[in-house]
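Participant: Going line by line, the protein sequences match chains D and Z. The opening residue of the first sequence carries number 312 in my numbering; numbering runs sequentially from there. The opening residue of the second sequence carries number 539 in my numbering; numbering runs sequentially from there.
FYI, nobody ran anything at the bench for these hints, they're computed from the structure. Keep in mind that the hints are not guaranteed to be accurate.
PhoX-like cross-link-like pairs, simulated, lysine-lysine; straight-line CA separation at most 25 Å [unchecked claim]:
| hint | chain 1 | residue 1 | chain 2 | residue 2 |
| --- | --- | --- | --- | --- |
| 1 | D | K633 | D | K446 |
| 2 | Z | K889 | Z | K801 |
| 3 | D | K777 | Z | K889 |
| 4 | Z | K801 | D | K777 |
| 5 | Z | K631 | D | K777 |
| 6 | Z | K644 | D | K777 |
Note that this is a predicted model, so its numbers are computed, not measured.
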Amino acid sequence: MKNWLRRDGFWNLITLMGFVIIGLLVIYPLFNILMQSFISLETDKIGLGNYVTFFTTPYYLKSLLNSLVVSLGGTLGAVILGVPLAFFTTRYKIFGTPLLSSLATLALLTPPFLGAYSWIVMLGRNGFVTNAFAKIGVNLPTIYGAFGIILVYALQYYPFVFLLTSNGLQTIDRSLEEAASNMGATPFKRFYKVTMPLVTPSITSGALMVFMLSLANFGTPQIIGGRYRVLPTMAYNMYTSEISKRPAMASTISIILVLVAAIGIFLQKFAARRRKYSSVLLYRSQTVKLTGASNFFAHFISYLIVALSTLPMGVVVVFAFKKTKGPVFVDGYGLDSFRQVSREVPTAIANSFIYSIVALVFIVVIGTLLGFIVTRRQTVVNKILDTLLMTPYIVPGTVMGIGLIIAFNKPPIILYGTALIVIISYFIRRLPYSVRSASSILQQIDPDLEDAGISLGASPARAFRKVAMPLMIPGIVSGAVMSWITSINELSASILLYVGNTTTMPIRIYAWILGGYFGPAAALATILLVTTGVALFLLNVFGRGKVDIV
Amino acid sequence: MYVEIENLSKEFPGVKALQDVNITIEEGEFFTLLGPSGCGKTTLLRIIAGFYRQNDGHIKVAGEVIDNVPPHMRDIGMVFQNYAVFPHMTVEKNVAFGLENRKVPKHEINTRVAEVLDMVQMSGYEKRTPDKLSGGQQQRVGLARALVIAPRLLLMDEPLSNLDAKLRLNMREEILDIQRRLGTTAIYVTHDQEEALVISDRIAVMNLGVVQQVGTPWEIFRDPVNEFVSSFVGSMNKMGGEEAMRSSKSVKELASTFPPGVKPEECTVCFRPTDTEIWTGSGVRRDDSVYFVGKVNKALFIGTGVTYKIIVDDDLILTLQSEIADPEDIIDEGETIEFFVEKKRILFFDKTTGGRLRQSKGV
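All chains, please: the whole structure from these sequences, using the hints.
Facilitator: Listed below in structure tokens is the structure:
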């Protein structure tokens, strides 16, 4: 009996820790932002003055509109790219499908601002494609602004739609489509009346994910947007210009951004509720081998989509090896840029690894423990904690960064300028994913297995250690790799939180791009890309289950 | 008595899962809990295993009250419906798991694992992982794993219900053979009445958390205590007492079989399809039987004979089972026939309570 009390005590402590973490690192910073947003910038009075300013000043209001335009545009683009690719690769024999799938995943996991930068290298004012066309007298339309942002989002995030839709298509029982044909539906009608409705929930949840990520993204619009401001860049720029005063407008914009994100997540929840049509999966759908023109067409489209999305990575790597003279590329290839990187920013590389690994340890340990209590110890208190744990989902990185600064640059806790605050931002942004992943792993483990262990004489603790733990580890490792990749590529919060000696690789790349130093930026980006790629590769080779990007 | 379940009750929020269950089981007995889903049979099994805690009552095994013994110290083996074979361990490791928990010396583990795998015909599969095994093989591992610890009691929770029909028939005989050989006391849960009849020494039929009847398969089948048991175990023709009187060709005979003091409108008259015989019209009518008249609605050939669906009393459909060797003997649809049932095979139940009403001894 006493033994059990001790165990309960331990788990209660974990619950308490969960509340403290969320309270201190999410609720408290958000509360600080909220307070700032209520203090009028002009009059210092408490009220909705800042919000009135936001909604009546075209300069501010435009950013909200712009955010919606690029997010919706990016989402639409991702659906247009992702759905056909999913359909072709699941229903037809496309040569090299696993490779296409891996490349798409890799494209997804590279930071979007690298894509933005790469498209500038190709199609920007001095881009090599632009210049090539200029030589033959063709002036290409500008890449800067909404078009460029949407292009980057669509090519960056379509793998979400692709992977979720593929999964949806693969889990439609073949007999449903056969039944449609049997009842006289033409192939087109069968697709339109049966296949599409069944796979729509998957497409919708992928699309909403794209929308949320596009809405929260900071690096892409900052780099390729030019004067085209969206909510995160507006919040960032207001914050940096208000740094001497109170961050009133930055806070107001942050709150509006969180509200829009909250509406997005609400829609996502709503869609997810209707996500699964219950049907028995007895016969998986078959992949058909196409012939002739349609075969060529399917291959062409599939490869084109994946090639377009991997092209930016290729450009980055190639330009990393180009010789440079100051900010200008010159003919010939060499390791100049890499030398410059190793000379100038060894700290940034070291910091990136140290911070992301330290954050990862906490993400995995605390995420798994919290995942366990919200899944296997469903008390009312833990259910509340479960809901609270999801709040970081709706807080974009920029907002998280602003919140953490406002909250921790003043007593009682001063963390601004330390490495710890960067690590905290990695940790708290990734924690909900880690909790979810641990919890879904646990849900997949039949409780009968633990019961079987117990009935064979293992104590509950031993049954957990010998039965549940080993089954959880592959999932935890795969989740950990994902967390690490996201952390080491993080820009939007850390760009606000870093000081000179706590800079990281993405921050350095971003700064170089802004300064026009494309050579070293490409070299450092290549290092980041290779790191990400190697991590993914190791996971594919040694990880048992599939890569779970969601 | 080896296992004693005394006044056991279990409540889940809003549901009385078990109400005042009393069962005793003898050492070496193969005992089955039979009932429809939701009847409480699995709940009872999980309480015995220690995964649930009863609200009331006690469980004794070999004279020891085990109510407060945690599940991992009960020494009770369990076979799960979904096998619950550890997917990350080989067959060998799965089976050795319980022995390792008991700190059995390594060499003894090896011998005992080999022995038990031989018993369930899984020798040669030691190094396989469960994902390389069929459902039937996984369940053999599940059984071996529960048996190897030489449990004082073996619990089986619908162990065959996830297997296909043919394998199910083979496996149930194997399980019975092994249980007989080892003499392990076994409690088996199933919703399949035929399986229960074949495999059990005794059966407890349960419904809505209440034990309806405990008895040998023969008693359960032939002498059900209420209408629920009679129709859950085997199939049963049912007609109201008045309908029976109306469709009988021998009203007097039928009237004399009614339990003393029971009016036709107060009871249900039941008999099994297999206890009927078609009257060919030749010879002398039997005075130990009651005759009914009806019209053939359907004749269904089922290999071993023919199942007739007969309309009696205008709208009531009864089932008759008839052994027929030649196709020309099948009675055509639409023909009027007479059939008879031995008086002692007719069961009467109270129309309102469903309780059995017994015929007077003389019949």
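Participant: Decide, hint by hint, whether the structure agrees.
Facilitator: Against the structure, the hints come out as follows:
A hinted pair counts as satisfied when its Cα atoms are at most 25 Å apart, and K633 (chain D) with K446 (chain D) qualifies at roughly 21 Å. A distance of roughly 11 Å separates the Cα atoms of K889 (chain Z) and K801 (chain Z); the hinted pair therefore holds under the 25 Å criterion. A distance of roughly 56 Å separates the Cα atoms of K777 (chain D) and K889 (chain Z); the hinted pair therefore is violated under the 25 Å criterion. Restraint check: the Cα-Cα separation between K801 (chain Z) and K777 (chain D) comes to about 65 Å, which exceeds 25 Å; the hinted pair is violated.
Annotation: proposed proximity of K631 (chain Z) to K777 (chain D) holds, straight-line Cα distance about 11 Å (limit 25 Å). Taking the CA atoms of K644 (chain Z) and K777 (chain D), the gap is about 18 Å. The hint holds against a cut of 25 Å.
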